[in-house]
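Student: Work out the full structure: start from the sequences and follow the hints.
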Amino acid sequence: MNHAPKLPPLERYIRILELLASFPDGLGLTDVARMLALPKTSTHRLLGTMQDSQLVDLASSGTYMLGDRVRRLAYTGADTEWVAAVVKPHLADLAAETEETCYLAKLHAGHRVSSVLMEAPDTPWRGFVLPGKGMAPHAAASAKAILAFQSDTLIQAALAEPLPLLTANTCTDPAQILREYEEVRQRGYATCIGEIDEGLAALGVPVRVPHLGVIYSLGVTGPMQRLKTKNLETIAHIMQRYAERVSDALAAGYVRQPHVRAA
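Residue numbering for the sequence shown is 111 to 373, as defined by our numbering.
Derived by calculation from the structure, the hints in this document are not laboratory data. Hints may be right or wrong, so weigh each one.
Said to hold, decoys possible - Now the in silico label distances, taken between C-beta atoms and shown as ranges:
1) 169 / 241: 34 to 42 Å
2) 121 / 336: 53 to 61 Å
3) 344 / 139: 23 to 31 Å
4) 169 / 340: 26 to 34 Å
5) 278 / 133: 49 to 57 Å
To be verified - Straight-line C-alpha distance at most 35 Å; calculated DSBU-like pairs for lysine-lysine:
6) 340 / 243
7) 243 / 150
8) 198 / 338
9) 198 / 243
10) 338 / 243
From the three backbone atoms N, C-alpha and C, an ideal C-beta is built for every residue, glycine too.
Tutor: In structure tokens:
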């Protein structure tokens with residue numbers, strides 16, 4: 111009598127993820143077990159472990175689907191071309207309204223944050239944020255606006271990297287940076303006041319994408335005195351309004367990206 115080879119647990123987990131990725135609306139326990147030719151008790155145990163690790167979610171209807179952790183992993187690795195297409199109009203409007211250089215930052219797989227898109231206003235002085243430029247987790251407003259909303263493990267990994275003293279205003283004390291992250295969570299925006307360049311300031315606001323959390327942020331940068339004259343909190347409120355628009359645009363784009371949805 112032939113028996114199917116016993117699969118190692120990791121292979122079973124992967125097969126479940128691959129199966130659920132093909133059924134965005136989810137599958138019931140019985141369906142998963144039958145499609146993968148697994149005992150129902152084993153399938154239940156595997157799904158339970160995956161649920162504990164946020165690899166799968168159990169809907170109220172009793173169906174299993176890909177979990178937020180997998181969706182976030184797929185989204186952070188998504189092609190940026192469609193992201194640029196849906197975000198660029200909003201970023202251009204933000205630059206026009208604030209009359210400052212605006213940019214979109216992104217959390218990549220791991221804990222690295224970098225700029226991915228920039229728009230500058232039609233004014234005599236225009237800043238420049240190089241797309242692909244890494245954002246210092248302890249100094250850049252856009253990085254703070256993202257990292258403040260991540261897990262403790264990810265934050266610890268980011269702050270375990272060397273934290274260079276960029277100007278006299280740069281904080282390199284992890285404990286103090288954690289306190290600043292808490293302030294960001296409370297007020298809803300981050301600042302960089304001469305921490306990277308003594309003559310420049312920047313603000314960052316988180317962009318919350320449904321089911322994925324904060325993996326993007328909007329940034330505005332300009333001469334320190336000019337931004338202070340405009341009032342940082344006023345600018346932050348404008349940015350928060352645009353962050354909602356960007357969130358809606360990204361959410362709509364996400365559901366139309368099969369390679370991201372399937373992960």
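Student: Hint by hint, say whether it matches the structure.
Tutor: We went through each hint and held it up to the structure:
1. 169 / 241: 34 to 42 Å: Distance hint for residue 169, residue 241 holds at roughly 38 Å.
2. 121 / 336: 53 to 61 Å: Hint holds: Cβ distance 58 Å, inside 53 to 61 Å.
3. 344 / 139: 23 to 31 Å: violated (52 Å)
4. 169 / 340: 26 to 34 Å: violated (46 Å)
5. 278 / 133: 49 to 57 Å: holds (56 Å)
6. 340 / 243: holds (26 Å)
7. 243 / 150: violated (49 Å)
8. 198 / 338: holds (26 Å)
9. 198 / 243: holds (18 Å)
10. 338 / 243: holds (25 Å)
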